[in-house]
Structure formats: structure tokens, C-alpha cells
Amino acid sequence: METAMKTPPAHTWDDNAVLSVEHLTMRFGGLVAVNDLSFNVGRGDITALIGPNGAGKTTVFNCVTGFYKPTEGRIVMRHGTGLQSEKIEALTRTGRQFNDDGDDRVFLLERMPDFEISKRAKVARTFQNIRLFGGMTALENLLVAQHNPLMLASSMTIGGILNLPSYRKARAEAIDFAAYWLEKTGLIHRADDPAADLPYGDQRRLEIARAMCTRPQLLCLDEPAAGLNPRESTELNQLLQYIRKDHGTSILLIEHDMGVVMEISDHVVVLDYGEKISDGDPDHVKNDPKVISAYLGVDEDEVAEVEEALDMPVIHGKTDPAENGEGGRS
Amino acid sequence: MEYFLQQLINGLTLGSIYGLIAIGYTMVYGIIGMINFAHGDIFMVGSFIALATFLALVALGISALPLILFITLLVSMLFTSAWGWTVERLAYRPLRGSFRLAPLITAIGMSIVLQNFVQITQGARVKPLPPQIQGGVTLMEGVTENGTIAVQLSYMQMIIIATTLALMIGFSLLISKTSLGRSQRACEQDQKMAALLGVNVDRTISLTFVMGAALAAVAGFMFLLLYGVIDFYIGFLAGVKAFTAAVLGGIGSLPGAMLGGLLIGLIEVFWSGYFSVEYKDVAAFSILVIVLIFMPSGLLGKPEVEKV
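So the sequences go chain by chain: Y and B.
The first sequence runs 19 to 348 under this note's numbering.
The second sequence runs 174 to 481 under this note's numbering.
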């Protein structure tokens with residue numbers, strides 16, 4: 019529970035956003051999955067995207083990571099601090115995917131193909147269902163994620179075949195980096211085991227480790243706590259806090275487990291029927307009547323009555339593994 | 174005994190060529206689940222390019238045979254790779270994600286296009302190349318009731334078997350150790366996930382076609398040297414045999430393709446040697462049917478496990 023009152027009214031996501039989703043609309047034929055959605059993800063924040071099943075959360079993820087091309091809207095990724103509005107407007111007019119600003123680039127994700135979003139814009143993601151390369155070892159899974167630096171070092175494989183010193187060095191670094199994340203996720207002793215042989219909880223952590231091996235600035239996690247037991251869930255919270263604190267990676271997650279959401283997020287965005295119904299810090303969202311009505315399935319004005327009747331002002335989330343926005347709608 | 178050994182050597186030589194072509198089938202199948210029926214014709218194109226290069230080098234007055242052979246090999250690998258790349262880019266990539274039969278039909282169409290293209294530009298007659306590498310070593314001699322019989326290992330056969338072996342080792346290392354090989358295996362399992370990790374899937378698939386075509390070019394050159402005649406139609410039967418080899422070994426498996434190729438080569442040669450030449454293809458395909466009845470995923474293929 020929060021003890022100290024939060025005094026600063028300025029939020030990171032208002033003046034230092036790493037990702038801005040602006041007027042995002044996604045239609046599938048006649049179905050509007052996401053409608054005119056705008057929200058920001060603060061740099062260094064843990065942002066939770068929540069909402070009842072079918073609210074469009076996974077669709078948002080799919081748009082951000084290039085799985086879908088949005089019907090309308092703009093998705094901006096910033097590597098430099100601040101909102102950089104002028105730069106973004108200028109870039110939007112040019113029709114290019116990103117500007118040439120060294121390390122402070124801004125990217126328009128809706129214009130980029132999926133592999134470029136990972137490679138250049140540095141956005142990584144995991145899925146609701148585990149998508150490891152099951153036949154490869156845990157270590158190899160993490161090396162695939164470092165494909166681009168390795169390809170560069172091996173001058174498109176030629177150096178790799180000839181085993182040149184430059185490639186050997188890059189390879190040793192890649193293995194060290196992978197070992198670091200295996201260590202962090204407690205999987206180092208399983209490094210040479212096929213990923214498919216790991217237990218479920220380990221596989222979930224391996225997915226996060228693999229995503230981190232792309233050295234992302236924004237990590238998008240689709241229900242990372244689904245199917246974890248309470249101990250694993252706590253470990254996951256610690257891992258996410260660590261990633262945010264020690265690597266400065268911003269995290270955007272979809273989560274149904276309200277315990278996880280309220281405990282670790284700095285910022286919560288609530289979707290219902292493809293529209294944003296609430297946006298703010300966890301306390302604000304928790305007490306928003308719109309949110310309560312969406313979750314309880316009643317009209318807004320009835321919320322007070324229902325709350326009284328239930329004597330439960332806290333939202334109880336449900337984890338429903340059957341929800342699969344990406345599969346069901348493609 | 175001597176006869177057996179001789180047939181064994183002949184079978185391994187032929188099997189090496191089938192194996193090299195089979196790798197192209199199995200890799201493409203592994204990565205995009207498509208049977209590239211034009212691959213046999215890429216092999217044929219490779220042998221034509223090799224012949225043209227060979228004659229051009231001779232016409233230029235280069236007389237050192239090893240140098241000619243080496244340059245011819247490189248040039249035919251290079252140009253055949255370009256063919257493989259172009260076929261993928263023009264005929265297959267636009268249809269990726271379309272219904273399953275579309276790439277298959279296109280591949281058959283591409284096969285006909287390549288055959289007819291070579292037939293029209295090069296003529297339908299067979300192109301001869303006089304034997305370039307002659308001689309060999311006699312491994313052993315024996316006396317049978319029909320006279321003496323010698324087990325010969327020609328230099329040609331040595332070159333074919335050694336080159337195949339070297340390419341196989343290099344190739345296995347490439348797939349298992351390099352970043353390119355790793356991303357190919359990743360694309361094989363989950364293309365979308367690979368893309369989200371920054372792997373350029375389109376380029377990886379293109380490179381797979383390029384690698385398959387380069388190996389087919391080597392096979393084409395060896396075929397040319399071994400048999401001395403080629404025509405626009407050699408790709409068909411060699412392609413079918415190599416495809417059979419890939420299926421026999423377990424399609425999608427690299428060692429499987431090589432093993433399958435060697436087996437098909439051996440079966441053919443032994444059947445011709447001991448029974449009848451006319452029925453050698455029947456024998457090869459019968460073995461395929463029998464193996465598939467008892468091992469549906471081939472000798473080294475992994476059974477497809479239904480995920481629960």
C-alpha cells in the first residue's frame with residue numbers, strides 16, 4: 019500500500035515520454051479494435067496497460083511493435099529526453115522513418131517494418147503465449163537477439179566463417195552479455211539446455227532475458243505474470259524493478275493481475291472497448307468510477323451502489339488466459 | 174568383393190552430387206515450408222554456366238587445369254546464386270503469405286521457365302565436354318572367373334567426394350556457429366518472433382536460396398565433369414532424385430539430406446550393378462516408399478509434435 023502522499027503534480031509521461039501513441043485507430047474490416055487512442059509512456063517508468071478482455075490492449079502492442087500497420091495515428095519513439103515536438107512534426111512531414119540525430123533520434127514506428135523497430139528504434143516485446151525458439155538452447159536464444167551486432171562484426175558472415183579476430187571478440191562479448199542476463203534471471207545453469215525443456219516460469223524469464231539482449235530502450239511485456247505462482251510473480255516484480263532501475267529501460271506491460279499492476283507501476287492506462295477510459299497513477303485509476311464500472315460491468319452511476327453492496331472498493335482483476343487479441347483478430 | 178567395393182565408390186560419388194542438391198531442397202523447406210521445384214533446374218543452370226565459363230577460360234588461353242577448375246567453380250557458384258536469388262525475389266517472395274499451393278505452382282512454373290529458357294538460348298542438343306581429369310589409382314585387384322577385376326578410384330571421384338565433404342563440413346559450421354546460421358534456424362521456428370528480435374527475415378530467406386543455389390552449382394559442375402554431357406533437361410531427374418533424397422533423410426534436416434543423397438546414389442548404383450539398370454529408379458523410389466511407411470518423417474527428420 020502507498021503510504022506517502024504524492025506531491026509533485028508533474029508526471030514523467032507528460033514531459034519526458036519515451037513513447038507517444040497519438041490518435042491510434044485500428045480497424046479490422048468493420049470491427050474497431052482501437053479507437054482514437056492517445057497515451058504517453060514516461061521514460062524510466064513502468065507503465066501498465068489494463069482493461070477487460072477484448073479491450074484492445076494486445077492490438078496496441080501489435081501496432082507499437084510493427085505487427086500491424088495502424089489504420090490511423092502516429093506512434094513516436096524517442097531516444098533523447100524531452101518531448102521534442104518540433105523535431106517530430108518536421109520528421110512527420112518528410113515521410114521518413116526516423117531522423118539523423120545521432121543518439122537522440124526520434125522514430126515514427128507506424129512507418130517502420132517489424133525488424134527495424136527492434137533493430138533501430140530499440141523496442142522489444144514478449145507475447146502472451148511463450149514464443150521461444152524451442153529447439154535452440156537458452157544461450158542461443160539470447161544470441162539470436164544479438165544478431166545485428168554480430169552480423170556487423172562478422173561483415174555479413176564472411177568473418178564468421180573465417181573466424182577473424184574482430185568476430186571472435188564480438189562473439190565473446192555477445193556471450194558475456196547473454197550470460198549476464200541468464201545470471202540475472204537465474205537461468206545460467208540451464209544455458210545449454212534446449213529452451214523447450216525449461217519449466218514454464220523459467221521460459222517466461224528467458225523471454226524477458228532475450229528481449230533485454232536486443233538492448234531495448236522500451237520493453238513491452240504482454241501479461242508477463244500470467245500463469246506464474248505467487249513466488250515467481252514476486253521474482254518477476256523484482257526483475258522488472260531491476261531492469262528499470264539499473265538499465266534505465268522503460269517498461270510497458272499488459273497485465274491482468276492487479277496485485278502486480280498496483281505494486282510496480284508508476285502509471286496506469288485503462289482501455290475499454292478500444293478507448294481510453296482512465297489514465298494516471300495507480301491511486302488515481304484505482305478510484306476512478308469509470309474503471310470500476312468497466313471492470314464490474316455496470317453503469318457508472320451504479321458503481322457506488324455496487325461498491326456498497328460488495329463492500330469492496332478495490333478492483334479485482336481476473337487473469338483469463340483464453341484472451342488472445344493477436345490470434346483472434348488477425 | 175572387388176566388384177562390391179567398386180560399386181560402393183561409384184555410388185558414393187553419385188550420392189554426393191544428389192546430396193549437394195538435396196541440401197537446397199531441405200533448407201528452403203526448413204525455412205519457409207515450401208518445396209522449391211525449380212531447384213533441380215537451378216542445378217542445370219549451374220552446369221551450363223560452368224560449361225560456358227570453362228570453355229571461355231580455355232579460349233582465353235589459360236592452360237593450368239587446376240586454375241581453370243577453381244575459377245569455373247567460383248564463377249558458376251556466383252552466377253547460379255544470382256539466379257537463385259532472382260527466382261526467389263521475383264517468383265516466390267510476392268506470394269509468401271498467400272495460400273499454400275501458390276508457391277508450389279509458381280515453383281513448377283519457374284522450373285518450366287528455366288528449362289525453356291536454356292533450351293531456347295542454348296539449343297536442345299546435348300553439350301559435350303571432353304573428359305578433363307583422367308586417371309586414378311588402383312586400390313586392389315582380384316581374380317574372378319571372368320578375368321581380373323580392379324577397384325579403381327579415379328581422380329575425378331576423389332575430387333567429387335573430397336569437395337562434397339569439405340562443403341558439408343563448412344556448411345554445418347555455418348549453420349551451427351555463425352550468426353547467420355543461427356538466425357536461419359530462428360526463422361525456421363518462428364519468423365515473426367525472429368523479426369521482432371531484429372532479424373531481417375526477408376534477407377535471411379534470400380540468403381537461404383543463395384546458399385542452396387551455390388551448392389547446386391557445385392553439383393552441376395561436378396555432374397558436367399563426371400558425365401561430360403549436359404542438356405536442358407538434366408535438372409528434372411536430378412531434381413526429383415535429390416528431392417527424394419531430402420525426403421528420405423527427413424526433410425528439413427541437413428545431415429538427413431546428405432545421408433539421403435548418399436543412400437539414393439548407392440541404391441541406384443548397386444541395383445544397376447547387381448540386378449538391372451532399367452529398374453534402378455524403381456528401386457530408389459521403392460526404398461523411399463518403404464522408409465516413409467515405417468518412418469514417416471524420414472531417417473533423421475524430427476516428428477512434428479502437436480503442441481498442446
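In case anyone wonders, no lab produced these hints; they're calculated from the structure.
Just so we're clear, the structure is a prediction, and the values are computed from it rather than from any experiment.
You may find that some hints are simply not true.
Stated by the list, open to error - Here chain B is said to cover these stretches of chain Y; the calculated rule only asks that three of the stretch's residues, wherever they fall, bring their Cβ under 8 Å from a Cβ of chain B: (1) 266 to 279; (2) 302 to 312.
Claimed, not checked - Just some of the chain B residues that point at chain Y, by a computed CB distance under 10 Å: (3) G320; (4) A323; (5) T351; (6) M366.
For each residue, glycine too, the CB sits at the ideal point set by N, CA and C.
For each hint, the structure was consulted:
Against chain B, the stretch 266 to 279 of chain Y contributes 0 residues with a C-beta closer than 8 Å to a partner C-beta. That does not satisfy the three-residue criterion, and the hint is violated. Note: the stretch 302 to 312 of chain Y has 0 residues with beta-carbon separation from chain B under 8 Å; the three-residue rule is not met and the coverage is violated. Hint status for G320 of chain B relative to chain Y: violated, with the closest Cβ pair at about 50 Å, above 10 Å. With a cut of 10 Å, the hint placing A323 of chain B at the interface with chain Y is violated, because the nearest CB-to-CB distance is about 40 Å.
Interface restraint check: T351 of chain B against chain Y, minimum CB-CB distance 4 Å, threshold 10 Å, status holds. Because the closest C-beta pair between M366 of chain B and chain Y is about 5 Å apart, less than 10 Å, the hint holds.
Going down the numbered hints, you'll see the structure goes against 1, 2, 3, 4, while the others check out.
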